[in-house]
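Take the sequences, apply the hints, and build the full model.
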Amino acid sequence: MLEALFQYEFLQNAFIVGILIGFIAPLLGVFIVVRRLSLIADALSHVTLAGIAASLLVQKKFLTFATLNPIYIGMAFSVVGSLFIEKLRTVYKHYQELAIPIILSGGIGLSVIFISLADGFNTDLFSYLFGSVSAVSTTDVWTISIIFFIVLTVIFLFYKEWFILSFDEEYAQASGVKVKSLHFVFIVLVALVIAASMRIVGILLVSSLMTLPVAASIRIAKGFKQALWLSVIFGELAVIVGLFLSYYLNLAPGGTIVLLAVCILIGAIMWKKWKRG
534 MLEALFQYEF LQNAFIVGIL IGFIAPLLGV FIVVRRLSLI ADALSHVTLA GIAASLLVQK
594 KFLTFATLNP IYIGMAFSVV GSLFIEKLRT VYKHYQELAI PIILSGGIGL SVIFISLADG
654 FNTDLFSYLF GSVSAVSTTD VWTISIIFFI VLTVIFLFYK EWFILSFDEE YAQASGVKVK
714 SLHFVFIVLV ALVIAASMRI VGILLVSSLM TLPVAASIRI AKGFKQALWL SVIFGELAVI
774 VGLFLSYYLN LAPGGTIVLL AVCILIGAIM WKKWKRG
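Following my numbering, the numbering of the sequence shown begins with 534 at its first residue and continues without gaps.
Fair warning: there could be bad hints in the mix.
Straight line, CA to CA, 25 Å or less: simulated DMTMM-like cross-link-like pairs of lysine to aspartate or glutamate [claimed, not checked]:
hint	residue 1	residue 2
1	K713	D701
2	K594	D673
3	K626	E703
4	K711	E619
5	K758	E694
6	K711	D701
Please keep in mind that the hints were generated in silico from the structure rather than gathered at the bench.
Written as structure tokens, this is what we have:
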């Protein structure tokens, strides 16, 4: 594959995007898991699916929008969905977890409607659902690169605040941390990363890349920072090896990456038990 990697542009694009996503998805995933919001990735991925389906429908009905990149509409839907989640979390103060299934249900409903209006599935939508190496374009590389640097910059600037907020929101508020603003920034970043990850992993599997490496890391990590780095290492390992295997064995990249992440999780659990034994 190394020869093909230097020969074919689509493989180069896929590996660049995979490496970037394999870094930032588990990185944000640590904060998501610690805050017990693991299902938020599933909710936003289904909202993103609604955006993709809407974009493909518009392309099919109006030739003027034939060149419209569905990833941008998916990102817009994902960001709007994230804002609705934050709004519902304030409405249901004592039942904040309700916000996630509400948005998830809405995303699924919209997706089904847009897909039915477009007369069912097509090849383009299938690649967004389960990921496709050949579908990654140069435009996607630039878009995801920008998101990558934005995520790293924000985490670097607000790491301390997010750390406090993740473990004790009341203490963070009492300490003068701008809780609402940080919640807003965090949820928008998660929405962007989910929408960006769909090219490689697929919309239906993207939440796995944000949670499985984290689940493996927290089994063996001795602290929060170590969990962060281990999550990134496990995420990158799953993505890079998964892309190689999917290319050689002609498998769907999304499913291959997720299964490798599951294997890493099982390995981490077994290693922890062996160490204790």
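These are the hints, each one checked on the structure:
Between K713 and D701 the alpha-carbon distance is near 14 Å, which keeps this suggested pair within the 25 Å criterion. This hinted pair checks out: K594 and D673 have alpha carbons roughly 24 Å apart, not beyond 25 Å. With a C-alpha separation of about 13 Å, the suggested pairing of K626 with E703 holds against the 25 Å cut-off. Of the supplied pair hints, the one linking K711 and E619 holds, its CA atoms being roughly 15 Å apart against a limit of 25 Å.
Of the supplied pair hints, the one linking K758 and E694 holds, its CA atoms being roughly 14 Å apart against a limit of 25 Å. At roughly 13 Å between alpha-carbon atoms, K711 and D701 fall within 25 Å of each other, so this suggested pair holds.
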